[in-house]
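As given, the protein sequences belong to chains A and B, one line each in that order.
Under this note's numbering, residues 22 to 908 are what the first sequence spells out, in order.
Under this note's numbering, residues 9 to 190 are what the second sequence spells out, in order.
I should point out that these hints are in silico values taken from the structure, not numbers from a laboratory.
Where hints are given, some of them may not hold.
Derived DSS-like pairs (lysine-lysine); straight-line CA-CA distance at most 27 Å [said to hold, decoys possible]: (1) B:K48 - A:K458; (2) B:K48 - A:K116; (3) B:K58 - A:K339; (4) B:K36 - A:K116; (5) B:K36 - A:K47; (6) B:K61 - A:K388; (7) A:K139 - A:K86; (8) A:K139 - A:K174; (9) A:K869 - A:K662; (10) A:K86 - B:K58; (11) A:K388 - A:K415.
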Amino acid sequence: MAQPLVKKDDDRDDEAEYSPFLGIEKGAVLQEARVFNDPQLDARRCSQVITKLLYLLNQGDTFTKIEATEVFFAVTKLFQSRDLGLRRMVYLIIKELSPSSDEVIIVTSSLMKDMNSKTDMYRANAIRVLCRITDGTLLTQIERYLKQAIVDKNPVVASAALVSGIHLLQTNPEIVKRWSNEVQEAVQSRAPLVQFHALALLHQIRQNDRLAVSKLVTSLTRGTVRSPLAQCLLIRYTSQVIRESGNNTQPGDRPFYDYLESCLRHKSEMVIFEAARAITELNGVTSRELTPAITVLQLFLSSSKPVLRFAAVRTLNKVAMTHPMAVTNCNIDMESLISDQNRSIATLAITTLLKTGNESSVDRLMKQITNFMSDIADEFKIVVVEAIRSLCLKFPLKYRSLMNFLSNILREEGGFDYKKAIVDSIVILIRDIPDAKESGLLHLCEFIEDCEFTYLSTQILHFLGVEGPKTSDPSKYIHYIYNRVHLENATVRASAVSTLAKFGAAVDELKPRIFVLLRRCVFDSDDEVRDRATLYLNTLGGDGSVVETDKDVKDFLFGSFDIPLVNFETSLKNYEPSEEPFDINSVPKEVKSAPLAEKKAAGKKPTGLGAPPSGPPSTADAYERMLLSIPEFANFGKLFKSSAPVELTEAETEYAVNVVKHIFDRHIVFQYNCTNTIPEQLLEDVIVIVDASEAEEFSEVFSKPLRSLPYDSPGQTFVAFEKPEGLPTVGKFSNILKFFVKEVDPSTGEAEEDGVEDEYQLEELDVVAADYILKVGVSNFRNAWESMGADCERVDEYGLGPRESLAEAVNTVINLLGMQPCEGTEVVPPNSRSHTCLLSGVYIGNIKVLVRLSFGLDGPKDVAMKLAVRSEDEAVSDAIHEIVASG
Amino acid sequence: MSAPYSEACPSVKNILLLDSDGKRVAVKYFSDDWPTNAAKEAFERVVFTKTQKTNARTEAEIAMFENYIVVYKFVQDLHFFVTGGDDENELILATVLTAFFDSVGTLLRGNVDKREALENLDLILLCIDEIVDGGIILETDPNVIAGKVASNSIDSAAPLSEQTLTQAFATAREHFTRSLLK
Numbered sequence: 022m023a024q025p026l027v028k029k030d031d032d033r034d035d036e037a038e039y040s041p042f043l044g045i046e047k048g049a050v051l052q053e054a055r056v057f058n059d060p061q062l063d064a065r066r067c068s069q070v071i072t073k074l075l076y077l078l079n080q081g082d083t084f085t086k087i088e089a090t091e092v093f094f095a096v097t098k099l100f101q102s103r104d105l106g107l108r109r110m111v112y113l114i115i116k117e118l119s120p121s122s123d124e125v126i127i128v129t130s131s132l133m134k135d136m137n138s139k140t141d142m143y144r145a146n147a148i149r150v151l152c153r154i155t156d157g158t159l160l161t162q163i164e165r166y167l168k169q170a171i172v173d174k175n176p177v178v179a180s181a182a183l184v185s186g187i188h189l190l191q192t193n194p195e196i197v198k199r200w201s202n203e204v205q206e207a208v209q210s211r212a213p214l215v216q217f218h219a220l221a222l223l224h225q226i227r228q229n230d231r232l233a234v235s236k237l238v239t240s241l242t243r244g245t246v247r248s249p250l251a252q253c254l255l256i257r258y259t260s261q262v263i264r265e266s267g268n269n270t271q272p273g274d275r276p277f278y279d280y281l282e283s284c285l286r287h288k289s290e291m292v293i294f295e296a297a298r299a300i301t302e303l304n305g306v307t308s309r310e311l312t313p314a315i316t317v318l319q320l321f322l323s324s325s326k327p328v329l330r331f332a333a334v335r336t337l338n339k340v341a342m343t344h345p346m347a348v349t350n351c352n353i354d355m356e357s358l359i360s361d362q363n364r365s366i367a368t369l370a371i372t373t374l375l376k377t378g379n380e381s382s383v384d385r386l387m388k389q390i391t392n393f394m395s396d397i398a399d400e401f402k403i404v405v406v407e408a409i410r411s412l413c414l415k416f417p418l419k420y421r422s423l424m425n426f427l428s429n430i431l432r433e434e435g436g437f438d439y440k441k442a443i444v445d446s447i448v449i450l451i452r453d454i455p456d457a458k459e460s461g462l463l464h465l466c467e468f469i470e471d472c473e474f475t476y477l478s479t480q481i482l483h484f485l486g487v488e489g490p491k492t493s494d495p496s497k498y499i500h501y502i503y504n505r506v507h508l509e510n511a512t513v514r515a516s517a518v519s520t521l522a523k524f525g526a527a528v529d530e531l532k533p534r535i536f537v538l539l540r541r542c543v544f545d546s547d548d549e550v551r552d553r554a555t556l557y558l559n560t561l562g563g564d565g566s567v568v569e570t571d572k573d574v575k576d577f578l579f580g581s582f583d584i585p586l587v588n589f590e591t592s593l594k595n596y597e598p599s600e601e602p603f604d605i606n607s608v609p610k611e612v613k614s615a616p617l618a619e620k621k622a623a624g625k626k627p628t629g630l631g632a633p634p635s636g637p638p639s640t641a642d643a644y645e646r647m648l649l650s651i652p653e654f655a656n657f658g659k660l661f662k663s664s665a666p667v668e669l670t671e672a673e674t675e676y677a678v679n680v681v682k683h684i685f686d687r688h689i690v691f692q693y694n695c696t697n698t699i700p701e702q703l704l705e706d707v708i709v710i711v712d713a714s715e716a717e718e719f720s721e722v723f724s725k726p727l728r729s730l731p732y733d734s735p736g737q738t739f740v741a742f743e744k745p746e747g748l749p750t751v752g753k754f755s756n757i758l759k760f761f762v763k764e765v766d767p768s769t770g771e772a773e774e775d776g777v778e779d780e781y782q783l784e785e786l787d788v789v790a791a792d793y794i795l796k797v798g799v800s801n802f803r804n805a806w807e808s809m810g811a812d813c814e815r816v817d818e819y820g821l822g823p824r825e826s827l828a829e830a831v832n833t834v835i836n837l838l839g840m841q842p843c844e845g846t847e848v849v850p851p852n853s854r855s856h857t858c859l860l861s862g863v864y865i866g867n868i869k870v871l872v873r874l875s876f877g878l879d880g881p882k883d884v885a886m887k888l889a890v891r892s893e894d895e896a897v898s899d900a901i902h903e904i905v906a907s908g
Numbered sequence: 009m010s011a012p013y014s015e016a017c018p019s020v021k022n023i024l025l026l027d028s029d030g031k032r033v034a035v036k037y038f039s040d041d042w043p044t045n046a047a048k049e050a051f052e053r054v055v056f057t058k059t060q061k062t063n064a065r066t067e068a069e070i071a072m073f074e075n076y077i078v079v080y081k082f083v084q085d086l087h088f089f090v091t092g093g094d095d096e097n098e099l100i101l102a103t104v105l106t107a108f109f110d111s112v113g114t115l116l117r118g119n120v121d122k123r124e125a126l127e128n129l130d131l132i133l134l135c136i137d138e139i140v141d142g143g144i145i146l147e148t149d150p151n152v153i154a155g156k157v158a159s160n161s162i163d164s165a166a167p168l169s170e171q172t173l174t175q176a177f178a179t180a181r182e183h184f185t186r187s188l189l190k
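Pulled out of the complex, with its shape left as it was, chain B reads as follows:
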């Protein structure tokens, strides 16, 4: 990534989904700017504390620090962030954020909170995987992204009749435990 910005492809440095305490729900780094987990956590802490007090619930907000541009949006107890280099086109980053935010909304059927997100972590991770590949934007249309991710889960949510008895039993047990835990 040594090419000057003007010749470089737009690139995303990371996508972060944190909870209302700044803890990770799902994160994905596409850049070597943060080589260790400690560096990543330090960055997340800075991002979280600097944006915590802002109101990014209706419109995506934006901040700049440590030579990064961060666009972000919050809903319930979830904080969505997309980071880019300081000379990246802010509106491209905002488009990626919208793609992430809206497709997660669709995948979680509107119940966008930390608990739902963790229970469907596989969908969230697949979603990030469909938006950016190695820093390059793969897709920005939330419906297309959600469609690609959801098509995967159709099969696993196949009707009970097509599952083996053990599978059906496992599913039932899982539903039961889950409802108990609630």
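In isolation and in its complexed conformation, chain A is listed as follows:
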């Protein structure tokens, strides 16, 4: 802060730059603080010096330990002055200096005197200061005064004591808990803020006692809580009680809902909003419960206060994720918010609209967004791009306008994160909407023509290499790729070379041309580019002979690297140069902490380029590769489907086991993922003994034990069954885990020689019809339905009996069939009496199946369903009906 004198003179002319603290310097101020020691105290002067000290601290200056101690001791002298203003400043600086415990003693007596002063201001502030700097031992001395202060008739004093109590509860809970009686009395105070502070403290004292909290809420929701802040607290505590009362209550007569709803009519907006938000966040909130909350939030949307509009639109945005239909009533208000001055509000409005919009409003919405995109910051644009991506997946028919939008914004200015979000979105759309593939790839090609981000260029080139050769005319991508070899940096050039090689390997007619291009790359200035070009020319047989690319080469180019990089790195480091070459097969494939199955569960939804080609298929690929690596399974043919892992043990048991069902045409393989959670044990020869007596059509053919299962390092054991070919055979299997236990010395980690045989009962496992149906979506259900034709159609009607709701019935049937819901028809609009749900899938034997389910409410709760199935095979259509009939 010290500024040269000359500068000061300059600034003096410039009136705007005047500051009373101009040229302030720590050393000088500390010198000035000596006035605190004057026998004749000048209160005004002292106040000024304290202000200067506080200014320094506020600007981020720090005092050394010695300086702070000196200032602190000098300040304590100021308690002699009876000047009110000075005393306030003394309180303030003591809090800022946060003295050590041996220093605190010096001021304790002065502060205790002030705590009992007649002046309310002294009492209130002395309590706050003392409680801030005190430790537990002192607290017992002043406890009596604090209890008195809590019920002091002056609200400022009472609040000071209560707020201090809230802070002290963190460090000295046992003391503060003794004050409950006084705090309870303070809850009844007429002063609004005292009531608020008392309620907060009382709840914190009792927060671990559910019954007490419930009682507190019950009594207060009946009475009158005056302060809006206290009312907000009560709403929060009420939601807590509702949440903890759990699912044992019927929706419709939720306890305390009436209280929350009555708060929607409170005169304070703060309370109305808190209540509305609490209702929207109720577990399993029904549309009837939601309606009044949505109505008040809708009113807030047109408020003149930005804070209100923001709060409302943010809450509605969250509601739209789970109950899009409930928010559609607000769409008109929401649309006017797109032009809101406050860009946060506008972005939230847009993304809410994108979530609630229907197919017909997409085009209009896109037009509005286009105008809006140019003047918002990148972080908001990313939010919009992500919303558009999910919209496009919901309405695949609209991919054209949405893809156009994405390609347009891709060409505009923007930072890396924004561009990456767009590219990721396009990639996901290409993967999920087959029709969008060609145009999407061309947009990406155009983008890399002028892309300043190396990372994005290389990722797109990699993606092109995988997807491009599968298109109708792969040759049109070549010049985009080869341009990179001319124009870009070495990293991009190298990845362009790899992409060219992939085209060469996958498309035989392009081979001669690719060879020409690759040969030119051999003269590149960068060694990596040259190396890659040479390598690919050799593997693809670029020495002239145009031969069909063999499988090894394709595996090399397209196969993903299925060895964990960490393991690979360790193995490479351990490898000692010798006659024997490094063998990649020696690298362990087991991932330490996450078995394959869990990795899928833990991973987020596919995030575009970063993720391997789409989420679930990649897991399937990984499973398939893993199974093929086991020779006994190699002749089972192609893997049809792998189920999601099914837990066979409770959480937190000694051994955690889950199972993945792998379905082949004539076989089924159970993959048991086992984890040993006991550090003192090593398990060996782990095997699952499967009893298939309730699954008559299955016969066990092979089982592969796990040699050793150390602590916290998951391993797999397999059991294979033969089953009738191509049939959806179902059955129930009981499982017992068998193994030898060896004690492990935790200090050395060494296992004892002798093991003991032991078993562990696992839960039963069902193979159900849904295991034989693959979830495969179609982008346009109607086209698919019509082109399938009515030849093999089977229609029948079923009564599902009384159901909790229509949505519940729809979900049950979807889960029973294990098929992919299309066009967002799995969502049942609230209050509807009928619903149509479209499903698609692939039946074992690679037979496409489409299902049209029409549900209707018959009477108050009874659900009736009409099931129409079309497939390429009558038998399959019948089989689907059988699943439903028997389910």
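Given the structure of chain A, go ahead and fit chain B onto it with the hints provided.
Below, chain B alone, put in the same frame as chain A:
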């Protein structure tokens, strides 16, 4: 502060008063989210630049970034901010902002600008101290807050006759220098 929002008391993470260049006039942090001065300054820079172009002069505005909700209002060359966690009730934060903004207005007798604020920095600091204590809202009524802060200064502005001669002289000298500087 590990309790989930729904069970937690409304809390304020910081109160900031910055000038029109984003420099500190007075700031107070109630949370450990910003452990160092550098972290605090970085946050202030972000808050200032992201809100700089908005018009928050008639109504309080609101923004969300880095998982914080910031409500703010500007007057002259002063920028008032109140920050809370991202699941805090926005209207409660707005109430705190109003309390801060209006009580400073009263204390500075309507002349709310950077210069007045710095000259009365003691009042501003006391004002923040009366609004929030360790993150918990202490008082939200601007008149009550201003009253509590001003009652302190009454004494120091006691009539000249009650001051000692040296004090009176000091006061006079101060007034004189101040008017010269102007």
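To see whether the hints hold, each was checked on the structure:
Note on K48 of chain B and K458 of chain A: the hinted pairing is violated, with a Cα-Cα distance of about 47 Å set against a maximum of 27 Å. At roughly 19 Å between alpha-carbon atoms, K48 of chain B and K116 of chain A fall within 27 Å of each other, so this suggested pair holds. Simply put, K58 of chain B and K339 of chain A have alpha-carbon atoms about 24 Å apart, close enough for the 27 Å limit, and the pair holds. Proposed proximity of K36 of chain B and K116 of chain A is supported: the alpha carbons are some 12 Å apart, at most 27 Å.
At most 27 Å may separate the alpha-carbon atoms for a hinted pair to count; K36 of chain B and K47 of chain A meet this at roughly 20 Å. With a C-alpha separation of about 26 Å, the suggested pair K61 of chain B and K388 of chain A falls inside the 27 Å cut-off, and the hint holds. The hinted pair formed by K139 of chain A and K86 of chain A fails the criterion: a straight-line CA distance of about 35 Å is larger than 27 Å. Taken as a hint, the K139 of chain A and K174 of chain A pair is honoured in the structure, with Cα atoms around 12 Å apart against an allowance of 27 Å.
Between K869 of chain A and K662 of chain A the CA atoms are separated by roughly 14 Å; this keeps the pair inside 27 Å, and the hint holds. Only pairs whose Cα atoms come within 27 Å are accepted, and K86 of chain A paired with K58 of chain B is rejected, the gap being roughly 37 Å. For a cut-off of 27 Å, the pair hint linking K388 of chain A to K415 of chain A stands: about 19 Å separates their Cα positions.
The structure fails to meet hints 1, 7 and 10 from the earlier list, while all remaining hints are met.
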